[in-house]
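Residue numbers (the working numbering): 22 to 213.
Hint data in this document are derived by calculation from the structure and do not stem from the laboratory.
Please note: incorrect hints may appear among the correct ones.
Pairs of lysine to any residue, SDA-like flavour, derived with a Cα cap of 20 Å [what the hints assert, rightly or not]:
id, residue 1, residue 2
1, Lys139, Glu160
2, Lys77, Glu66
3, Lys122, Asp71
4, Lys77, Lys115
5, Lys77, Glu143
6, Lys141, Thr67
7, Lys147, Lys97
8, Lys139, Lys97
9, Lys167, Asp179
10, Lys141, Asp71
11, Lys141, Asp161
12, Lys182, Thr203
13, Lys133, Ile101
As the structure is a prediction and not an experimental result, all values here were calculated from the model.
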Amino acid sequence: MKKGIRITLIIILMTIIGTGSYFISKEVTESYLKDNKTIKDINLETFVTDFNKNLKESNMDLELIIDEDVVANENKTYWINIQEGIDIAVLMDKITENKNKDVVRVTGLAFKTDYEDKEKIESYLKVLLKTNNPKLSDEDINKMIKNANNMNNSTEKDGNKTSKTFEYKGLGIDQNSNLESTIYRIARYNKY
Numbered sequence: 022m023k024k025g026i027r028i029t030l031i032i033i034l035m036t037i038i039g040t041g042s043y044f045i046s047k048e049v050t051e052s053y054l055k056d057n058k059t060i061k062d063i064n065l066e067t068f069v070t071d072f073n074k075n076l077k078e079s080n081m082d083l084e085l086i087i088d089e090d091v092v093a094n095e096n097k098t099y100w101i102n103i104q105e106g107i108d109i110a111v112l113m114d115k116i117t118e119n120k121n122k123d124v125v126r127v128t129g130l131a132f133k134t135d136y137e138d139k140e141k142i143e144s145y146l147k148v149l150l151k152t153n154n155p156k157l158s159d160e161d162i163n164k165m166i167k168n169a170n171n172m173n174n175s176t177e178k179d180g181n182k183t184s185k186t187f188e189y190k191g192l193g194i195d196q197n198s199n200l201e202s203t204i205y206r207i208a209r210y211n212k213y
């Protein structure tokens with residue numbers, strides 16, 4: 022009898038520990054995903070304000086302005102010209118008349134493939150990444166750019182070469198290029 026009771030107690034204890042471990046690990050996993058795999062929604066107006074703030078902090082003499090006469094609105098995307106040959110693309114869930122409600126889903130830095138000042142492109146890209154996730158360190162940003170530039174596992178279709186998407190800290194980044202233009206695309210994994 023004692024052996025049977027002992028086995029029963031061990032089984033009950035293991036069940037309690039197993040169930041507790043399951044719920045604890047589930048909570049820890051959900052907490053981790055909440056903190057590291059998604060980022061909060063951002064609207065277009067906030068995006069531009071944050072981008073301009075990050076430009077100033079990076080000592081870049083430029084300010085993005087949403088001017089309806091200059092901004093091209095195509096396929097739920099705002100194209101904002103930074104300078105000749107360099108544009109910021111901002112893809113929205115949907116575009117309304119209220120830029121406080123338009124949620125940013127994907128941002129991009131587009132430029133002519135033969136653009137000579139690669140340091141300037143990288144500087145803009147760093148600002149764009151920091152704007153998408155202010156918690157990124159310089160090391161995180163450099164890691165993301167390095168992975169986006171890695172064309173070893175790229176796919177090619179219709180003359181466009183696309184790097185494998187690198188997902189990190191709530192963002193996904195890849196590079197798509199052809200003979201004419203290149204775009205770094207940054208997907209935002211927003212909290213829902």
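Results for each hint:
1. Lys139 / Glu160: With a Cα-Cα distance of about 19 Å, the restraint between Lys139 and Glu160 holds, given a limit of 20 Å.
2. Lys77 / Glu66: 17 Å, holds
3. Lys122 / Asp71: Between Lys122 and Asp71 the Cα gap is close to 16 Å, so the pair holds against 20 Å.
4. Lys77 / Lys115: Violated, because 29 Å separates the two Cα atoms, which is more than 20 Å.
5. Lys77 / Glu143: Within the cut-off at roughly 16 Å; holds.
6. Lys141 / Thr67: 23 Å, violated
7. Lys147 / Lys97: Since the Cα atoms of Lys147 and Lys97 sit roughly 24 Å apart, the hinted pair is violated (cutoff 20 Å).
8. Lys139 / Lys97: 28 Å, violated
9. Lys167 / Asp179: 25 Å, violated
10. Lys141 / Asp71: Roughly 19 Å between the alpha carbons, so the hint for Lys141 and Asp71 holds.
11. Lys141 / Asp161: 19 Å, holds
12. Lys182 / Thr203: 9 Å, holds
13. Lys133 / Ile101: 15 Å, holds
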